[in-house]
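> The residues making up each chain are set out below.
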Amino acid sequence: MHVDDSQRAVAIDVAALRQPAHANLLVVGIGAAEGGMDAVQRLLHAMPADTGLAFVLVYDARSRHDGALAAALVEHTSMPVVEVTEPIALRPNQEYVAAPGLDLRVADGTLLVHEHQPHPQLSMVVDWFFRSLSEAYGRRAIGIILSGQTRDGTLGAQAIKERGGMMMVQEPETARAHTMPQSVVATGFADYIVPVEEMPDYLQTYVRQPYIVDGHTATLHDSANPTLAAILRVLRGHSNHDFRNYKPSTLVRRIQRRMSLRSIEHPEEYLALLLQNEQELTHLYYDLLIGVTRFFRDPEAFRSLDDLALNDLIAAHPPDMPLRVWVAGCATGEEAYSLAMLLFERCAAAHKHLHLQVFASDINETALTFARQGLYPENIALDVSPRRLERFFIRTDAGYQVTKELRDAVVFAAQDLTSDPPFSRLDLISCRNLLIYLTPAVQQRVIALFHFALNADGILLLGNAETIGSQSSLFASISSKWRIYRRLGEGKRDVASLFHRSGAERTQAPDSPTSAVAPARSTPATLVQKLLLEQFTPTAVLINHQYECLYIHNPNPFYLTVPGGEPTQNLIALVHQELRPLLQMAVVRAIHEQQQAVISGHVASSDGLRDIIITAMPINAALAGDAVLVTFTTQVGAINEAVQAAAPPDVMVLVHQLERELSNTRATLQGTIQAGEAANEKLTAANEEVMSMNEEFQVANEELETSQEELQALNEELIVINTQLNDKVAELEVIGNDLNNLLMSTNIATLFLDLNLCIKRFTPATTQLFNLIPSDVGRPISDIAKKFSDGGMLHKAQQVLESLQPSLQEVQVPPDRWYLERIVPYRTSDNRIEGVVITFSDMSEIKHINQALRLSEVRFQTALEHAPITVFNQNQDLLFTWIYNPFPGTTTDQILGRHDREVFIVPQEADHLIALKQRVLTTGEGVHDQITLTFDDQACFYDITIEPLREVDGTVSGITAATIDLTDLKRIQQEVAEALSNEQAARQDAEKATHLRDMFLSIASHELKTPLTTLLGTAQLLQRRASRGDIDPERDSKTLQMIIHQTDRMSRLIALLLDVSQIDTGQLIIIQKRVQLEAFVRRIADEFSASTPTRTINLERVEPDLVVLGDELRLEQVVYNLLQNAVRYSRPDTAIDISITQRDIEACISVHDFGIGMSLEAQQHIFERFYRARNANKINVSGMGIGLYVAQEIIAMHHGTIEVSSEEGVGSTFTICLPLLLENH
Amino acid sequence: MYTSDPTEHHVTDDAQACILVVDDRHEITDFISEILLDEGYTVVTAHDAEQTVEIITTARPDLLLLDVLMPQISGLDVLHQLHRQYPDLPIILMSASRLDETLLIEAGATAFLAKPFDMYDLLQLIETHLSA
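First to last, the protein sequences are chains H and G. Numbered by this note's numbering, the letters in the first sequence go through residues 1 to 1225 in order. Numbered by this note's numbering, the letters in the second sequence go through residues 1 to 132 in order.
These aren't lab readings, by the way, just hints derived from the structure by calculation. C-beta atoms are modelled at their ideal positions from N, C-alpha and C, and glycine is treated no differently. Mixed in with the good hints there might be a few duds.
Unchecked claim - Okay, derived cross-link-like pairs now, PhoX-like style, lysine-lysine, Cα gap no bigger than 25 Å in a straight line: (1) H:K847 x H:K787; (2) G:K115 x H:K1009; (3) G:K115 x H:K1038; (4) H:K728 x H:K404; (5) H:K1009 x H:K1038; (6) H:K796 x H:K728.
Said to hold, decoys possible - One-sided and incomplete, this derived list gives chain G residues near chain H with beta-carbon spacing under 7 Å: (7) R25; (8) E27; (9) T29; (10) E34; (11) I35; (12) L104; (13) G108; (14) F112; (15) K115; (16) P116; (17) L123.
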């Protein structure tokens, strides 16, 4: 809906806009920014639709609601709202706003659009528009400034005022954001400061004024107007400034404007108002003085000045002399600062350090105060280049502040150019746009004044519309376009002539242009004048009231003679004796009546009676003081005629008459003399009084002289002190700068409070904790909103003030910022307490790190506390500096500060450890090792890691080490290893046993099956033969013998297996009896030989009578087994040897064969159950591997031994040793 | 040399067949020889590998009755070697151990006889493989 409305409005008006611009249209520019939309709406709401004015709203782009601006206004005004997208002519009763993204200008009755180019720091859309408005509309321009946070509009307001327009400002207190209106109010450019709702009334009244409507200046049109003169007189009485020197047109325009603002039509009414209302008088005064300027106004002029004059000026300037500049009519100081900046830059460029003195003068004290502050709104960036802003200005919240360097170079003084003495010995004078306000005569005098004030070749810079007029002999033009002049001539004018004359000009209209006083020269004219004066003028004497001669002209000895005695200047003494009364009468009358007095008298002389006329003329000349000019003339011819005409016929009558006259005259004379004497007495008294006063004055004078000397001494002292103070100030400034920078750079919020806990100063960082703005200085801190929970800060501050004890506490700024609040008393250097300083150090990082550290510490402690881990540090001398979880049986105290040798008792352990640590210290590389340490006689195993401890610079300052107690682990490992090896051995044994058993079973089965096969086969053979009747007794007997043999063999095998079983179950029983070995062995040998007739058995050596205890059957089984083996493992053609020997207390039976023998390995295992030597298998000799096992078991049960010695391929010897039975016992 | 019993019907054409009996035990070779001689076969015996190879080369037996000695594998080796050399010679294996018959047949044995064996089984096997 909104969009539609605005589009319709646009559509309607675009058609109408092509019409020509309206003459005499008044245009109202409305400037607003933040918080201004509401004000604009209220203003338009209150504004009638038929004011006849054109309204242009300039809304700062930053706060512009794109696209919605026009729509937002449509509802609040009955005027059509035009959204401007292309240039259009302004028409009355319309409201114009810029389309989004566009800025407005106005020229020749047409609104122009420019693409909006946002400046990063500045808002200046209002300034730009107001400037164009003022240039296009002059006094018909009206500016309205509403709410806003920037200082945009201030420079624009200046421009509007300069060209006679009107400025209306929203009352700052009623604005949502008051910076923008406040800034305009502060400059004094606001004509009306009113709430928004009252603006339409004021506006309408103002625009109805005839002067505003058509420039009609009703009755005030020239300087001759008595009312104007009266107004100027009133002004002179008020301000002591004479505006008659100003051009009447300017004056009239500005007075008319004031009248319009006051809704007054007739000057007489306004005069009456001025007489009653001092405030209006002040307004008028300032309006008349309005000097609007800006930085680098007319940049071209500055460039020309720079190009054409400054370099020469600076180059030619003696380095030890200050460069003196006068800016006359400096207004708010921009011109002076601009020139100073330019000169600073030129000096720097020329590498010439000159002391720069810029005198800036104006009569407007308000403007001077502003200039002295040197604080300008941000939008001066329109006129000042960024480089200069950077170099010469300091950006503050309130705008741009000129630097101290720049400020110090400029001296501002109140001075009236037209009446006060000028500055002198200047190198450059800038007086721009001031002369235009002055009358031509005064302009000429001022130009002459500048000539006087400038040094030779000094530069004069005038405004665009100003010239040096007819005085071209004084200045030569350097740039005629930009009005730059160079002073001509060497000498100086008589300054007195300028000013005495000026006194006259103040009261009289100037009659002719001032010309230089020509020097006195002897020309024929003057000669003639002089001769005529001498010849034809009477004797004249200029006297004072005391008759002292001041000047004597054309002295005639008849009238004047020099009497004897002391020389005198008293005319009475000098004059002819008879003329004295006449002289006195004439002088007294002249003084009394203040007009020329003529007295005539007769004086007898050598050539008859002379008729003398004495003329006394009072003169009130400043130069001469109160004086009287006395002239003496003689009229010889006239006397005779008079005497003849007046003489009566009767001489006596004549004589009487003469005598009577004489008597009267005498009486008169007597009276006169008496009067003279009385006067003389009075004069004498007065004289005495004067004399005494003079004495007093002399005394006073002496005193004054003394005082003056004292003062001079004091002055000297003061100068010295001043120098010191200057040094101190400079020092303090440096300290101040340092402190400021320190406070800024530390980022520590710091708050200075006075005794009442009001804010004295704070650092920018403080805004993190308080909602502070610069203007809060002076407010009680209790009024300021805090961003953290108070924690009783005010109370603490009060306590600190009372106790003077600093206070510390932590405060939290939610959510997770922590500050250390420190309150200390503010002590001055003389130890007085003037408040408190509160600092807030940001300790969030520390706090967070602390928390993390504590958490980490707890984690590690908890983890380490119950772990067998010891952590320690040692310095370069290997003294313990820190330990956690000390070694078993030690405490931290026992270890700290000790050396390894003191802590580790066993020297080898300590040495090993020290060697490791030294290696780390020297190589700087960590080591990892396992060590043994003994505590309380118990060896403990440790895994140790040693790393170097490094300083920040990387040098090794010690070691840090961690040990892990592995003792328990090691023990368990050993146990496990043992168990494992045991288990493995057991398993190997078991496997071996299983293997042997399998072998045994296989062999046993084979061994048993062989006789079975034979038995079965043989039995079946017999059976088959018998069934066939094939019986052969011899043959069959042999066959049956084989069956018996095989059965016997089987039964022995089974017996042997039974023995093994009995051995295993412990059921083998030995029944011991006395055995005579020789008999025993011989019997066996015989029996064996019988059963094995193919083999030879030799009884080699037989020790007789050896008797042992034993089970004869079992022993026989053993020997039989050995013999069978001997037979089995040797070739049939070899013998078998048996011997019986005694070894100590044992009897031994050896069976020796010359068979295949056996390896050493086989000898070791030959007695094991189921073992069969490898070579035994080779020769396909069957056997179960249990015979020797059983033999060994049997011998062992006899407490004897069985052993074998053998060599492969040579033979084997088995020996049984049994304990001898000692029959004697 | 024994002459065969005329009543025995199967000892007719084959009576002259020569059989080599190999066993390390003399008692075994002895009684097998007696049985075979009774049946009219010509019998030669051997007690080790060397003898066996020598007799086969010289006597050219018609059938080999071979004892495999366990746990030695030499018997198998001998079998293998003989079979390669004399692929047409029937070999009947005897063993007191229980062996994998398949393995033995693969190695070249013609038949297997587990000890202790029935005399008639032996004769039946010999007759079968001689006539084959």
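> Each hint: holds or not?
Quick rundown of the hints versus the structure:
With a C-alpha separation of about 18 Å, the suggested pair K847 of chain H and K787 of chain H falls inside the 25 Å cut-off, and the hint holds. About 7 Å separates the Cα atoms of K115 of chain G and K1009 of chain H, which keeps this hinted pair within 25 Å; it holds. Distance check on the hinted pair: K115 of chain G and K1038 of chain H sit about 23 Å apart at the alpha-carbon level, within 25 Å; holds. Restraint check: the Cα-Cα separation between K728 of chain H and K404 of chain H comes to about 16 Å, which is no more than 25 Å; the hinted pair holds.
Among the hinted pairs, K1009 of chain H with K1038 of chain H is consistent with the structure: their alpha-carbon atoms are about 21 Å apart, no more than 25 Å. Our distance criterion of 25 Å between C-alpha atoms is broken by K796 of chain H and K728 of chain H, whose separation comes to about 36 Å. With a cut of 7 Å, the hint placing R25 of chain G at the interface with chain H holds, because the nearest CB-to-CB distance is about 6 Å. A hinted interface residue such as E27 of chain G counts as satisfied when its beta carbon comes closer than 7 Å to some beta carbon of chain H; here the least separation is about 5 Å, so the hint holds.
With a least beta-carbon distance of about 10 Å to chain H, the hint placing T29 of chain G at the interface is violated under the 7 Å criterion. A cut of 7 Å between beta carbons decides the hint on E34 of chain G: the least distance to chain H is about 6 Å, and the hint holds. Below 7 Å, beta-carbon pairs count as interface contacts, and I35 of chain G has one with chain H at about 5 Å; its hint therefore holds. Evaluation of the L104 of chain G hint against chain H yields a violated restraint, the C-beta minimum of about 16 Å exceeding 7 Å.
Annotation: G108 of chain G was flagged as interfacial toward chain H, and the flag is violated, the nearest CB pair being 21 Å apart, outside 7 Å. For F112 of chain G, the interface hint is violated, since its Cβ never comes within 7 Å of a Cβ in chain H; the closest pair sits about 14 Å apart. A hinted interface residue such as K115 of chain G counts as satisfied when its beta carbon comes closer than 7 Å to some beta carbon of chain H; here the least separation is about 4 Å, so the hint holds. Residue-level restraint check for P116 of chain G holds (minimum Cβ-Cβ distance to chain H is 4 Å; threshold 7 Å).
The beta carbon of L123 of chain G comes no nearer than 10 Å to any beta carbon in chain H, farther than 7 Å, and the hint placing it at the interface is violated.
In summary, the structure is inconsistent with hints 6, 9, 12, 13, 14, 17 from the numbered list given earlier, while agreeing with the others.
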